[in-house]
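Each chain, letter by letter, is given below.
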Amino acid sequence: MGSLERLAWLSSAAAVASAIFPAFGQEWGTRPLHRPGAVQLLEVPVSGNPIVPRREPAIQNPYANDAGAIVQGRKLFESLNCSGCHAPFGGGGMGPPLSDRDWTYGGEPAAIYLSIAQGRPNGMPAWSRALPPQSIWQLVTYIRTLGGAPAPDAVPAQPAPNRTRGSQR
Amino acid sequence: MIRSKTHWPVFVVYSGWLANALGSDEIVRLSQDDGQWVMAAKNYANTRFSGLDQINVDNVKQLRVAWTFSTGVLNGHEAAPLVVKDTMYLVTPWPNILYALDLNQAGAIKWVYRPNPSRAAQGVACCDVVNRGAAYAEGKIFFNTLDNHTVAVDAATGKEVWKTKLGAIAKGETMTMAPIVVKNKVLVGNSGGEMGVRGWLTALDTRTGRILWRAYSTGPDKDVLIGPDFKPPYVSGQNLGATTWPSEAAWQIGGGTVWSWISYDPEADLIYYGTSNASPWNAVQRPGDNKWTSSVFARDPDTGMARWAYQWNPHDLYDYDGTNENVLLDLTIAGQERKVLVHADRNGYMYVVDRLTGVIISAEPFVFTNTVKRVDLKTGIPDLATEKEPQLGKFVKDICPAPPGGKDWQPMAYSPGTGFLYVPHNNLCFDMKTMEVGYIAGTPYVGAEVAMKAGPGGNRGFFTAWDPIRNRKVWDIKEDFPAWSGALATAGDVVFYGTMDRWFKAVDAKTGRELWKFRTGSGVIGQPVTYRGPDGKQYVAVLAGVGGWAGAVVAGQLDPRVPYGALGFVGAMKDLPEVTGGGGTLYVFALPEELP
Chain A
22 MGSLERLAWL SSAAAVASAI FPAFGQEWGT RPLHRPGAVQ LLEVPVSGNP IVPRREPAIQ
82 NPYANDAGAI VQGRKLFESL NCSGCHAPFG GGGMGPPLSD RDWTYGGEPA AIYLSIAQGR
142 PNGMPAWSRA LPPQSIWQLV TYIRTLGGAP APDAVPAQPA PNRTRGSQR
Chain B
29 MIRSKTHWPV FVVYSGWLAN ALGSDEIVRL SQDDGQWVMA AKNYANTRFS GLDQINVDNV
89 KQLRVAWTFS TGVLNGHEAA PLVVKDTMYL VTPWPNILYA LDLNQAGAIK WVYRPNPSRA
149 AQGVACCDVV NRGAAYAEGK IFFNTLDNHT VAVDAATGKE VWKTKLGAIA KGETMTMAPI
209 VVKNKVLVGN SGGEMGVRGW LTALDTRTGR ILWRAYSTGP DKDVLIGPDF KPPYVSGQNL
269 GATTWPSEAA WQIGGGTVWS WISYDPEADL IYYGTSNASP WNAVQRPGDN KWTSSVFARD
329 PDTGMARWAY QWNPHDLYDY DGTNENVLLD LTIAGQERKV LVHADRNGYM YVVDRLTGVI
389 ISAEPFVFTN TVKRVDLKTG IPDLATEKEP QLGKFVKDIC PAPPGGKDWQ PMAYSPGTGF
449 LYVPHNNLCF DMKTMEVGYI AGTPYVGAEV AMKAGPGGNR GFFTAWDPIR NRKVWDIKED
509 FPAWSGALAT AGDVVFYGTM DRWFKAVDAK TGRELWKFRT GSGVIGQPVT YRGPDGKQYV
569 AVLAGVGGWA GAVVAGQLDP RVPYGALGFV GAMKDLPEVT GGGGTLYVFA LPEELP
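Chains as they are written, first to last, in this note's numbering: chain A, 22 to 190; chain B, 29 to 624.
A few of these clues could be false.
Derived pair list, reagent style PhoX-like, types lysine-lysine, alpha-carbon separation capped at 20 Å [said to hold, decoys possible]:
(1) K96(A) x K461(B)
(2) K602(B) x K481(B)
(3) K565(B) x K113(B)
(4) K187(B) x K168(B)
(5) K501(B) x K401(B)
(6) K422(B) x K96(A)
Facing chain B, from chain A, some residues (calculated, C-beta under 8 Å) [stated by the list, open to error]:
(7) S100
(8) P117
(9) N143
(10) G144
(11) P146
Because the hints were derived from the structure by calculation, they are not lab data. Glycine included, each C-beta is placed from N, C-alpha and C at the ideal position.
Just chain A, with the same shape it has in the complex:
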C-alpha cells in the first residue's frame, strides 16, 4: 500500500472517529485552541540538555486538566488503535509504555504532541495529517493522566514507578 493509500485509510479512520465522537474535529471546552507556532515547536527539548535555556515560554497544553478532554482523549486512544500498540492504559507492547516516567522523546505536553504529530523513527506512525490539533491535544491530555507525566497537569490514574528504560528503542 502506498503512502497515499495509507493516508486515505488514516483520514477515513479520522472520519469514522469524528462520526463516533461529535467533538472530534471541533474545538473542545471553552479555552481557545492553541496551535503551536513553529519557533515554539523548534524549542521543544528532547535531549534534556539545552546549551542555552529556551527563550520562548514552554508550550502549554490548552486542555490541561480539562476533564472533558481526558474523556475525549481516551476515546481517541482506543478508536485510533493507539491502545493496540501501547496497550490499554498505556502499559506498552509494540510501542513503548506511556504509563511510566521513562520517555524516549520527552514527557512534556509539547513533546508528546510532537511524538503524535510527526511520528517517531522506530515505528510510531505520524498522525498530523489525519488528526486536527485539538484531537492531538486531547490525546496528550489523556496520556498525561496515565502516570508517566513528571509534573502531572491532570489527575494521575496511578503512581508512576521509578524504573528507567534502556536505549534500544
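Model the placement of chain B on the given structure of chain A, informed by the hints.
Then chain B, alone, in the frame of chain A:
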C-alpha cells in the same frame, strides 16, 4: 522422514525423485549428516533429533562452555544457529544481522552481513522483533528481515546474492519465520495476524530470488491456489476462503499469516504448514468459519497448489493460531503403518493426522483446556464450551488456554529412540473482553482487552514428553515461566531446552530427570542445536536472550503494572524483569578434553 524405533538410527533413503528434486535430495543428505545443522528444524520432518551420542546421560553433567559469542542485540533471540561444514551462521532479531563464525577458531568472526532493515518495522512487529532462523542450500544462506525482505547471502563470502521485497510494513506486515528450501525454492511466509494482514506463503527461486508462486490463506480459490486436486477431508465447496467470511473487505484483512514452521515429505512431495489466527481477535466482526485461518495446508511445492487443508479452529475466538509445527513421523498405530503429522495446537490438543489425506487419527488435550471440550473425529469439528465464549464489552474470566495457547511457536522435538515427543509449552489462562475495532492500515486490528495469568497449579510452563502412539503424557517438568525455547533430542538420550529464568537444561529422555543445567546470562527462548565440530567432538549450541511475546515485558521494557501490555501477556509475566534482563549471547558447550 524418520521411521519408528526398529529402524533407528537408520534413515530412510528416498527413491523416485523428480528431475528438479535434486536440490531437495542434497538437503535431505545434509540434514542426515549429524556433523551439520542446515535448517532450523534440523530436517524436513522437523524432528530436531540428532544421531550424535558422544554426550549421553552419564557424562552430560560434565558439559561445560567451549566458547560464547555476543550478538550485540537486546531483543528476543528465537533463532536456531546453523552449522554448515566448519562454519556457524547466526541471525539476530531486528536489525537481523547475519554472522558467520569459524568453528576451527572457537567462533572467530568470518564475516558479518547487515541487511539494514527499516527502523519503523519494529513498531508493527506484534510480539517483539524476533527472527526464528535461516536455512542453508546451494552454497547460500537464506533468511527473512523484519521489513519483509528475503535475502540470499553467499555462505563463503557473506556477499548478498539477491534480496527480494515481499511485503509492506505500511500494511502491518513483517517477516519473522525461518525459511525452508525445497526443490530449488525458498519457501517463506508473512507475520501480522494482529495487524489485519492477509496471510500468504511464497516460493522464490533459490538462484534469482524471483517469486514463483504465492498462496494466500484467505480469498477465492484462485488466490488460495486451490484447484481440482484439492481434497479437504471434512468440507466441500468452492471459494471457501471467501464464502466463509462476511465480505471481501473482511477476508482481505482477515489474517491467516504464515509465520512459523514448514515441513516437507519428499516421498509424497508435499509441504505442510499452518496459518495464523483470524483478524480481528474480536470474532463478532467476522461471522463464519473464516477459512483458511488457523488451519494446516498440504501443498505441492512445485506449483503451490493445495492438496488438502484442515481448519484446527474454525471462527477462531481466542487468537488460537494454527501455525505450530507439524512433525512428520511414520508410526505404527493400531497395527497399521501410518504416515502422520503430529501437531500440538494452541487450543491445547495434540493432533495426529494422516498426512496424505488430512484425516485426524486422534486429538487429545496435552494441557488444561476449558475452551474445546473434544474434537469430533468424524466431522473434524472442535466442540466448544459456550460458557467461555467472549462477550462484547464484558470480561469473560478464566479462559484456558490463553492466546499463546497450550503451546505457541516453541518447537518440539521427536526422538526415534524413545518414540516420544518433547514439548516445551505454556500453562496459561486469561480474562478477555472484546470490542468493536476499526481497521487502520499499519495499526493493530485486535478489538480485545486481554489479561493473562498462570494456569492451574500456578506454574506457567511445562516441558512434557508425549507418546504419540498411545496419545498420552509420559512425564512432565513444571516450569515457573512458559517454556518458550525450542527442544533438542539426541541419540545420547539427552534432551535439551532452555527457560526464561536463565537456565539451559539437559534431561533424561526416558524419565525427564534433570541431568545438568547451566546459568545463562539472559533467559533462553532460542532453539538448541547440536553438531560434530571440525575436531570430531559433539557440541551443543543455543542462543540466550529473553524476549519474544512472552518476554516482551523485558525486551520492550513494558510497564509490569499494566496487565494488558503486550496483548495481555504482561499480566502473566510481571515478575520476569526481576529474574532476567535482555541480551543476546550464543553459548556453545562440549565435554572437557579428557572425555569422553
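Consistency of the hints with the structure:
Distance hint between K96(A) and K461(B) is fulfilled; the C-alpha atoms sit about 17 Å from each other, no more than 20 Å. Of the pairs offered as hints, the one joining K602(B) and K481(B) holds, with about 10 Å between alpha carbons and a cut-off of 20 Å not exceeded. For the hint linking K565(B) to K113(B), the alpha-carbon distance of about 13 Å falls within 20 Å, and the restraint holds. Distance check on the hinted pair: K187(B) and K168(B) sit about 10 Å apart at the alpha-carbon level, within 20 Å; holds.
Between K501(B) and K401(B) the CA atoms are separated by roughly 18 Å; this keeps the pair inside 20 Å, and the hint holds. The hinted pair formed by K422(B) and K96(A) meets the criterion: a straight-line CA distance of about 17 Å does not exceed 20 Å. Against a cut-off of 8 Å between C-beta atoms, the interface hint on S100(A) holds, since the closest Cβ of chain B lies about 6 Å away. Interface restraint check: P117(A) against chain B, minimum CB-CB distance 7 Å, threshold 8 Å, status holds.
The criterion of a C-beta within 8 Å of any C-beta in chain B is met by N143(A), whose closest approach is roughly 5 Å, and the hint holds. The beta carbon of G144(A) is positioned within 8 Å of a beta carbon in chain B (closest approach about 1 Å), and the interface hint is therefore held. Checking P146(A) against chain B: minimum C-beta separation of about 6 Å stays under 8 Å; hint holds.
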